[in-house]
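Participant: Letter by letter, the chains look like this.
Number of protein chains: 2
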Amino acid sequence: MLLKYYSEVPSEIPKLEGTKGVTLRWLISKNDGAKNYAMRLFELAPDGIIPLHDHEKTEHEVFIVEGNGILQTLEKNLEIKKGDAIFIKPGEKHSFQNNSKKPLKFICVIPLSRL
Amino acid sequence: MLLKYYSEVPSEIPKLEGTKGVTLRWLISKNDGAKNYAMRLFELAPDGIIPLHDHEKTEHEVFIVEGNGILQTLEKNLEIKKGDAIFIKPGEKHSFQNNSKKPLKFICVIPLSRL
Chain A
460 MLLKYYSEVP
470 SEIPKLEGTK
480 GVTLRWLISK
490 NDGAKNYAMR
500 LFELAPDGII
510 PLHDHEKTEH
520 EVFIVEGNGI
530 LQTLEKNLEI
540 KKGDAIFIKP
550 GEKHSFQNNS
560 KKPLKFICVI
570 PLSRL
Chain B
460 MLLKYYSEVP
470 SEIPKLEGTK
480 GVTLRWLISK
490 NDGAKNYAMR
500 LFELAPDGII
510 PLHDHEKTEH
520 EVFIVEGNGI
530 LQTLEKNLEI
540 KKGDAIFIKP
550 GEKHSFQNNS
560 KKPLKFICVI
570 PLSRL
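Each protein sequence line maps, in turn, to chains A and B. Residue 574 is where the first sequence ends in my numbering, and the numbering goes up by one at each step. Residue 574 is where the second sequence ends in my numbering, and the numbering goes up by one at each step.
These are calculated hints, taken from the structure and not from any lab test. Computed from a prediction, not measured in an experiment: that's the story for all the values here. Among the hints, a few may not be true.
Since the list can't tell identical chains apart, any single copy or any two copies may satisfy a pair.
Said to hold, decoys possible - Heads up, simulated PhoX-like pairs for lysine-lysine below, C-alpha to C-alpha not over 25 Å straight-line:
{"#": "1", "residue 1": "474", "residue 2": "516"}
{"#": "2", "residue 1": "541", "residue 2": "561"}
{"#": "3", "residue 1": "516", "residue 2": "489"}
{"#": "4", "residue 1": "560", "residue 2": "494"}
{"#": "5", "residue 1": "479", "residue 2": "552"}
{"#": "6", "residue 1": "541", "residue 2": "463"}
{"#": "7", "residue 1": "463", "residue 2": "552"}
{"#": "8", "residue 1": "463", "residue 2": "516"}
{"#": "9", "residue 1": "541", "residue 2": "489"}
{"#": "10", "residue 1": "548", "residue 2": "560"}
{"#": "11", "residue 1": "479", "residue 2": "548"}
{"#": "12", "residue 1": "561", "residue 2": "540"}
With the rest of the complex left out, here is chain A (with noise of 0.2 Å):
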């Protein structure tokens, strides 16, 4: 059993380019024993992005914990709020974006068998 408070797991700033104003914390991960997925938080400041990308073999499931902003897909850009549940297949592309004046924070967890 562990359990820790989401701002005692260092944070990072995710790789990929463009990104700009997003946190990363793996809240539980390889290195806890953790052997089938990972839960990460990530955090966007207002006007932080991350931009359109997609995962060949892996999906997101995804929960925003607190905020409001932009999920874009290649055919439309979506709302999200605290409370939405969201589903990213392989191969989805997807961008967040926060388009407030307030942090936007989400659960993404992901599969570590293909990592």
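Take the given structure of chain A and dock chain B to it, following the hints.
Facilitator: The following block gives chain B in isolation, referenced to the frame of chain A:
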């Protein structure tokens, strides 16, 4: 890409005996095309309880999204609050209790392959 607000997903009563004041929503599941893991949202009303139990082969990755409560293990009682991440390994006994006057809500991700 699937986007849904949590309350659009029908709520269920967990089947575990002794559970009181708890609802469960399968936010992202097999029905959505998820193959590896499922994201659920639990809500415990004040005085709500999920009694002590374990899952032989199934881990939990949990994130508290709202409220406060108690996570009971065989060894001790841990205070839990919004922003806490919890990794419960297979076979570890656990109980969630809402000892506050407001709802306790958490995300709980489980593997699908072993259900």
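Participant: Against this structure, judge whether each hint is valid.
Facilitator: Now the hints, each set against the structure:
1. Proximity of residue 474 to residue 516 under the C-alpha cut-off of 25 Å is restricted to the intra-copy arrangement: shortest distance 18 Å within a copy versus 34 Å between copies.
2. For the homomeric pair residue 541 and residue 561, the shortest alpha-carbon distances inside one copy (12 Å) and between copies (18 Å) are both at most 25 Å.
3. In this assembly of identical chains, residue 516 and residue 489 lie within 25 Å of each other by CA distance both inside one copy and across copies; the values are 19 Å within and 17 Å between.
4. Within a single copy, residue 560 and residue 494 get their C-alpha atoms no closer than 37 Å, and across copies no closer than 36 Å, so neither meets the 25 Å cut-off.
5. In this assembly of identical chains, residue 479 and residue 552 lie within 25 Å of each other by CA distance solely inside one copy; the values are 18 Å within and 41 Å between copies.
6. In this assembly of identical chains, residue 541 and residue 463 lie within 25 Å of each other by CA distance both inside one copy and across copies; the values are 22 Å within and 11 Å between.
7. Taking the closest pair of Cα atoms, residue 463 and residue 552 come within 25 Å of each other only across two copies (18 Å); inside a single copy the shortest separation is 32 Å, beyond that limit.
8. Proximity of residue 463 to residue 516 under the C-alpha cut-off of 25 Å is restricted to the inter-copy arrangement: shortest distance 23 Å between copies versus 29 Å within a copy.
9. Only between protomers do residue 541 and residue 489 lie at most 25 Å apart by alpha-carbon distance; the minimum there is 23 Å, versus 27 Å within a single protomer.
10. Taking CA atoms no more than 25 Å apart as the test, residue 548 paired with residue 560 passes in neither setting, with 29 Å inside one copy and 38 Å between copies.
11. Only within a single protomer do residue 479 and residue 548 lie at most 25 Å apart by alpha-carbon distance; the minimum there is 24 Å, versus 35 Å between protomers.
12. Proximity of residue 561 and residue 540 under a CA criterion of 25 Å is satisfied in both settings, with 12 Å inside one chain copy and 21 Å between copies.
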